[in-house]
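Could you put together the complete structure from these sequences and hints?
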Amino acid sequence: MADLTEGEFYLLKKYNALLETVEEAFDYLSDDNRSTSTPVTRQIVLDSYEAIGKIAEAHVNLVLLFERNEEALQVIAQFGDLVDELEQIGHFEQSNAPEKEALQTYIKPAYQTWKNQIQHHILPHIAH
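So in the working numbering, spot 82 of the sequence shown is number 94, and the numbers just go up one at a time.
Don't read these hints as lab results, they were simulated from the structure.
Careful, some of the hints might be misleading.
[As the list claims (entries may be wrong)] Using 27 Å as the maximum straight-line C-alpha spacing, the simulated DSS-like pairs for lysine-lysine come out as follows:
1) Lys112 to Lys66
2) Lys120 to Lys25
3) Lys66 to Lys120
4) Lys66 to Lys26
5) Lys120 to Lys26
6) Lys25 to Lys66
See the structure below:
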């Protein structure tokens, strides 16, 4: 990737912040000491929906930024697999919060691995 424009730099910074936000949400939602039925928990689930959607939207631009980096493109594409897993455990259902065990056992570790892989490509461009 060539030198970034100011807009591209800003996009990557915001994208990285979204990655961290989703991880924090999964940490909160998978905490055994948290109730799944509180208004705060419900809001965190809703906020995680929004952040996941924004990550997916940003991938349109990231594909262009990383068009010559096949490894980065593969990692970007893997995000769809994570979304599929979230759908399977009911994360996007309006009626309930996702099951803690599924988050702890499958989703959170898979997300953290994916996040680390994508940050491997992003952080060198935004770290000063």
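So, going through the hints one by one against the coordinates:
no.: 1; hint: Lys112 to Lys66; verdict: 23 Å, holds
no.: 2; hint: Lys120 to Lys25; verdict: 22 Å, holds
no.: 3; hint: Lys66 to Lys120; verdict: 18 Å, holds
no.: 4; hint: Lys66 to Lys26; verdict: 10 Å, holds
no.: 5; hint: Lys120 to Lys26; verdict: 21 Å, holds
no.: 6; hint: Lys25 to Lys66; verdict: 13 Å, holds
In terms of the numbered hints stated before, the structure departs from none.
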